[in-house]
Amino acid sequence: MYIQSLQEVFGPEATFREGQNEAIKRLLHKKRVLVVQKTGWGKSLVYFLTTKILRDKGEGVTLIISPLLALTRNQIDSTRKYGLVADCINSQINKTLPEKKEVIERCNHGECDVLFVTPEQLQNDNFKDLLSQLRVGLFVVDEAHCISDWGHDFRPDYRRIHQLLKILPKNIAVLATTATANERVIEDVTKQLGDCEVIRGDLQRESLYLHNLYLPNAEQKYAWIAKNINRLQGSGIIYATTIRECERLAIWLRQNAIDARAYHGRINEEDKIELENQLTNNQIKVLVSTIALGMGYDKEDISFVIHYYTPKSVVEHYQQIGRAGRGIDQAVCVLLYGGEDENRINKHFIYDSFPKQVQIDQVLNYLSQNDEVKIATLEQVMNIKSKTLKQILKLLLIDGFVGKNGSSYFRTLKHYYSQQKYYDSIINLKVQEYNELLEFQRTKDCQMAYLTKALDDPNTRPCMKCSTCLGEAWDLTDDYVSHDEINRVAKFFAENYIIIEPRKKSMMTNKNLNFIYEEGLALSFYHEQLGQEARRCKYEMNQFSDLVVSASADKLRRFIRDKGLKISEMIIIPIPSNRRPELVPQFAKRLANRLQCNYVNNLAKKPNEPEQKSLQNNSFQEQSIRKHLYIKDRVNLDNQNILLVDDFVDSKWTFTVAAELLGEMYNDITITPFALSDTSGSD
Amino acid sequence: MQFTNNEIATYLYCAQLTQTRTTPLTILEWNVIVKSLSQQKLEPEVLLTINSTELSNTLIHATNAQKTRIVEKIKARQKLGLSMLELEEIVHQGFGIMFRSKMPPRLKKLTHKHIPAFFYYAGDPSILSHRAMGVVGARSATETELIQTTDIANEAASHGVVIISGGAKGVDTTAVEATLQNGGKAIVFPADGLMKWVKKSNIRFYISNGQLLLMSAQRLDAPFSGYYAMQRNKFIHAPSDAVLVASSKISTKKKSGTWEGVAENIKYQWSPLYVIGNSEGVEQLKAHGNAEQFSSFDKIFTHTEPKRKRERKEIDERIVSLIKLAIAKGLDRETLEEKFVDVSSKYFENQKQNEQETSQNLLVHEQLSMEEYMGGKVEES
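Line order of the protein sequences matches chains A and B. To convert a position in the first sequence, counted from 1, into our numbering, add 9. Letter 27 of the second sequence, counting from 1, is numbered 24 in our numbering, and no numbers are missing.
Bear in mind the hints are in silico, worked out from the structure with no lab data behind them. Glycine is no exception: its CB is placed at the ideal position from the N, C-alpha and C atoms. There's no promise every hint is true.
Claimed, not checked - Quick list of in silico lysine to aspartate or glutamate cross-link-like pairs, EDC-like style, CA-CA up to 16 angstroms:
#	chain 1	residue 1	chain 2	residue 2
1	A	LYS137	B	GLU69
2	B	LYS196	A	ASP166
3	B	LYS196	A	GLU388
4	A	LYS403	A	GLU388
5	A	LYS399	A	ASP166
6	A	LYS179	B	ASP313
What the hints assert, rightly or not - Coverage of chain A stretches by chain B, computed from C-beta distances (three or more under 8 angstroms per stretch; other residues unrestricted):
#	region
7	172 to 183
8	433 to 443
9	525 to 534
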């Protein structure tokens, strides 16, 4: 019955896929529908065609809640086929309120039919006021598994949508779509939607050739990637965990004459669009991306997806490889895994994904006893990491236990009940899911069947395409990496600098610092081989090995030279510690010997300094260091270039305060910090 | 908090929703709609889907001018369902919405002309079921008047009497604070939105302690409004069992809020007035016989007790005299007992039928049941 509308868009030959017609019919009757279908089934056809018919009837616009910006841009383009105009509102593209307002007005004046909004926008009061002026006929929740606590992609922002669905008047049709929901999630989402129809189909992706490969360290993985990328047809995506890893891997590939670019949250919006376009047009071979590029990036012919990043669950993995092979017959998806540290760190993050109850109680009690409290005040009175404090406030805000007014927070009327059990249940689920992924990495079963089974697909069957099904016959990749290849990577790592950026402001006074150090150097990341070596040396032997000393000396020589300074004219000063009084000075002395430069031990700490780790936020850390660190010997250091040496660097407050003390004492000096390992972000 | 489709429709069309840049229905317009719908066995939820022509035809109780206005207002908001984000936020922060169907008899003493489609509230609404005394008075009350107010409010706590006030500075605040500190309960109808109130930690303390209920017909973030301040006087006078006037000026060209509220109470006979002190308003109330000097809670709240006893005694006496009459006419004891059961069962059967009819007409019951409290007199709009 809606075939006519379909054919107007796609030509006289077009027909519906199973379930599409049904879904459209229900929606036009203002009913609620949950669509669980694999990527490529045509979920967007359902909402775009429904929108077209509703708009022809004079109904309001379609509002689509969708989590990622990349998806938004891409689908905006595909609406043109339907004769619809789409627009989007998110924190990147239209930042100011007047810009957002203009979009809403265009919607209400019939100049726009489909509006994409990111879920975190629904937390913004000013924006909610604007949305209240929007005439809406169809409300779509994309990636609807996110509204379930049991979905693999728990997002606090989605919890409000759950509540909104209960209150939304029945004259607005609701469509929820996902490709990645198992029975439990489907049941949960269905319950939240109220009276709704589920349209569900087969999840097996015929075009994907899956391959899980064990390579226990970063060097091997880098070597494998460089070797195999050009064997793979077309262009594709490599997923990596951190921004720095994306950058470094992209540099490595470019050194290997592979046209690779990094794509992540710190890249500005215009450059992102440019990168996406280049990938879409096959102008670059590969984007090395954090998971910022993902959901709904709609390139038809992504030929490969390589996971350097370890997904947190098989469902997340299924979703990420789902970008590949949409409009082509063959795409290769490789999951590189291995490394004990990696698992330890991943599990640590899972266990650490919610704040501790005592900290939550601390914040709540303080807010209960006060009227409105500025966040800066909270940071000053509470010894809680500012990232954790922000997370606590966000969770409390989303659960309605606190309210927000500008930068002030206040306790609401809602009775607080401990969320610990709830958080624990989510953490347990995540651990289970992660263990399932670890199992998947080593599975001897069909890899595709493993994935669809995890999603409770009743039609699970062997794919006859993955490296398990094909066994010896798998020839899409060459998995042997030689010693030479690995050594080349090791050399590359050694030559790559990990920069310690200077701090510019005091957190206590919010004023500029009197003295700022130069860009410094860290020898390693904590999770790399050298980082782990340094950790072992510090905690198990209380002395750094020769390996660490010589690696430091090699790297420092080049680094200092590149800065245009002479290493032999530098003065090395160690950061003191009362807990391990010999560890760093000994190391610094050996380093000075090796580099043939001067060594001065003129910094000291007053006793009873609390351990840095116990000081949770910037304000506390800076305060404590300022209280304890001092210059003990007034040797003359005027006009010198100083190398400040410490073992691990995280918050950078020690370097910052030490540099300021020295800078205030001596004339015309420069200070360059050096640390064995950058532990920031790894806890 | 779960809402029915009727409640969602009520909120969508009657809430201020200033952010939508549209106008809500007035109380009178809403009453006309409800009355018209109920006579056609329709419920407010149809307002979510009904088209303009149908709506216009449905509004049988509306004047032509009203019809045009109502149709326009409904049309303007019909597609703005997303503005319910506001309601979601309100509930999210722990506020409640009391629609007419949930309002206790105490509030329904207001005629339906005055009763809003819903109140926002913060706190335990069951406080409304206790005996209550309104306390009103000028901001400029004297030290003596305030001390006396404090004493009375303290005593209210020990008598289990809830204080109802407007939350203004002076008498209002003095009375509420005194009773709360003494473990008593209070209901406040502030002249500004509730949001500002609940941000104060001591207010939240009394609310979570079950001692304080805040109510307002205005949106949560409403600033102080002189107009609403006058409107909300009736929310203090009508639900109270008695009202204490601690101090009042007399309205001249410049209107006195306290005096206007008192005058309205006298006009509608909502609740008996008691006074303390010797402000000009108080003196005039006494002189005109509109108020008594406050003496004690026992006097205010017990004189209703003997009245009830008297009524009971009267009924008993009349039944006894009927029985005497029946015996005199020659009925024996058995027939008399049978007759008694017969008559009473017939009576209750009739009543049950009535009830069924009423529940069929649930909507009128929900929305307009205050008529019952006005002796069936429906005020014309």
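Status of each hint after checking the structure:
The suggested pairing of LYS137/A with GLU69/B is violated, with an alpha-carbon distance near 24 angstroms, which exceeds 16 angstroms. Distance restraint check for LYS196/B and ASP166/A: the Cα-Cα separation of roughly 24 angstroms exceeds the 16 angstroms cut-off, and the hinted pair is therefore not satisfied. Annotation: proposed proximity of LYS196/B to GLU388/A is violated, straight-line Cα distance about 20 angstroms (limit 16 angstroms). Pair hint LYS403/A plus GLU388/A holds up; C-alpha atoms about 15 angstroms apart against a cutoff of 16 angstroms.
With a C-alpha separation of about 14 angstroms, the suggested pair LYS399/A and ASP166/A falls inside the 16 angstroms cut-off, and the hint holds. With a C-alpha separation of about 55 angstroms, the suggested pair LYS179/A and ASP313/B falls outside the 16 angstroms cut-off, and the hint is violated. Here's how the region 172 to 183 of chain A fares: 9 of its residues keep a CB closer than 8 angstroms to some CB of chain B, so the rule of at least three is met and the hint holds. Look at the region 433 to 443 of chain A against chain B: 0 of its residues bring a Cβ nearer than 8 angstroms to a Cβ of that chain, fewer than three, so the hint is violated.
Under a criterion of three residues with beta carbons nearer than 8 angstroms to beta carbons of chain B, the stated coverage of the region 525 to 534 of chain A fails, only 0 such residues being counted.
When held up to the earlier numbered hints, the structure conflicts with 1, 2, 3, 6, 8, 9 and fits the remainder.
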